[in-house]
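Assembling the complex is the task here: the two chains are given apart, and the hints tell you how they should meet.
Same order as they appear, the protein sequences are chains A and B. Here the numbering used here is used: the first residue of the first sequence is 839, the next is one more, and so on. Here the numbering used here is used: the first residue of the second sequence is 118, the next is one more, and so on.
Please note that a few of the clues may not be correct.
In silico BS3-like cross-links for lysine-lysine, where the CA-CA straight-line distance does not exceed 27 Å [as the list claims (entries may be wrong)]:
#1 B:K136 <-> B:K224
#2 B:K211 <-> A:K872
#3 B:K136 <-> A:K849
Quick caveat, the hints were computed from the structure, so don't treat them as lab data.
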Amino acid sequence: MTLFELEIDEKSQAGSAFMARVVNEIRRAIVTEKKCRKITQQGIAEAVGTSRAVINRQVQGMENLSARRIAEILWAVGWEPHFEARPISKHLNDYAVPVPGAASGFVQPTSLPATGSFVPVIKSFENVGSRS
Amino acid sequence: MATFEKLIEDRLLIQVAPKLPHGQFHERKVFAFPECVEWMKSVKEMKTGRFQCASSPLEQLVERLRQWIAGEEIARDRMFHDMRPVSDNVWEMKTVDLRVFGWMYRKRQFIAVSGGFADHYKPPTKIRTYADDRRAVVAARDALPLDGQKFATGDFNDLI
Numbered sequence: 839m840t841l842f843e844l845e846i847d848e849k850s851q852a853g854s855a856f857m858a859r860v861v862n863e864i865r866r867a868i869v870t871e872k873k874c875r876k877i878t879q880q881g882i883a884e885a886v887g888t889s890r891a892v893i894n895r896q897v898q899g900m901e902n903l904s905a906r907r908i909a910e911i912l913w914a915v916g917w918e919p920h921f922e923a924r925p926i927s928k929h930l931n932d933y934a935v936p937v938p939g940a941a942s943g944f945v946q947p948t949s950l951p952a953t954g955s956f957v958p959v960i961k962s963f964e965n966v967g968s969r970s
Numbered sequence: 118m119a120t121f122e123k124l125i126e127d128r129l130l131i132q133v134a135p136k137l138p139h140g141q142f143h144e145r146k147v148f149a150f151p152e153c154v155e156w157m158k159s160v161k162e163m164k165t166g167r168f169q170c171a172s173s174p175l176e177q178l179v180e181r182l183r184q185w186i187a188g189e190e191i192a193r194d195r196m197f198h199d200m201r202p203v204s205d206n207v208w209e210m211k212t213v214d215l216r217v218f219g220w221m222y223r224k225r226q227f228i229a230v231s232g233g234f235a236d237h238y239k240p241p242t243k244i245r246t247y248a249d250d251r252r253a254v255v256a257a258r259d260a261l262p263l264d265g266q267k268f269a270t271g272d273f274n275d276l277i
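Chain B extracted, bound-state conformation (with noise of 0.2 Å):
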């Protein structure tokens, strides 16, 4: 078992942010396993989904991330939500086009474990379930060798 900050020094977890802009500070985190860094990268790659959307899969992920660390009010469901059921403690961070998958370590430090293109979930282009991504979260976090409490329990308002 290892400290969070041995887990970051061992690469097992990678703190992911977009540059800020000038007068933005880091008022939340966002940490990531490093195969969902590798998704990250990815996004760049990827086009949107949607009928006429303004902003490609990576602008909407960096835009998010941003809102996210910046400090942003966060929508609840729209932008971030708790996935049922809620006794897993697995949170899902969204865009139009993207999904993130992960847990609250603490307060405002959100850890994401996988990541996945929207349609996706949804039919007819549908490969993936919710639950899968939901499972594979908690897969995760129950091997992650992380001492202590590995995630924060409370509702959107407490924990965002």
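With the rest of the complex left out, here is chain A (with noise of 0.2 Å):
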């Protein structure tokens, strides 16, 4: 059968998919609370020091989001985001270059940073207790 293979490289894979499920889970936050109670983007926006309409283009995925407006935005419904850093499976990783002898088997080149060997995983947990 004749495929299409849309290709990308690895790099930018792990970032485009690691931006997507960061905004699908601040949108299923805001989803998950917005059945429980009144909540708005004008709501959360004047929690977190913005404008609506900077709100609306992060939780859309339009505008760049830092670490800490993600935590800003949680904050904001009563969530948290758990984030932890992992290595990609060894069989998997092109990146990280097997060294005999080193002492974990991998060594990183150094000309790029180590986070980039890794893979982050992002949730966000709901924690109704610590706003009304």
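Written out as structure tokens, the structure reads:
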């Protein structure tokens, strides 16, 4: 069967997939809270200290989110982010180069930030007790 | 007239897929007209029209296709929706910067006819209308020499 494979480099895929997950999690938190109580982008914006337009762009994925802003938006809806980094499985990681004899078996090139070879995962957890 | 498989064999339709990460499988499918495949290739050269958007149009397209094909949750309206009038059975896949128009051939099988850049549908850079693309999808579907039922009917929850 003919297949057109849309290609993208691993770095781009890792970055864009992670940002998409972050936006999805923020939206999931907002949608979940909306089922329980009245919550608006205007209210989130006021709590965070910015405009509704900025919050709208950020939760739509139209504007880049800083790690701080992710936490602030989730705080404003009574949730919090949960973040952890973990190594990519060795056989799936083309970036970290295995070096025989190294303590971990893997050494990262020093020309790029160390975080480049980790898979960050983010989930937002309900923290209803912290906000009314 | 021809079977769906024959249209694939003759390259009137081409299956589209990004490379899925390990552990993800093809839960949904996307097929595209050759012209739409050419448009997808051109997305690589596009720049985002959004203010400080974190992802390029190509990254957006690959991620949306990955979410679709891997069977992840698809948010109605923000990611995918049926265009009005719904009687046309035309569907639109969306990213921040891109629009892809087509129809649902069967449950979880989307056929993409054309694509566009979001800013081209909105002032002050508007040069296209959604109605034009919707009509183009209907015309392309009517002209496709496909045997049997050409499109699936149903609402978002039935088909996606």
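Numbers of unmet hints, in rising order: none
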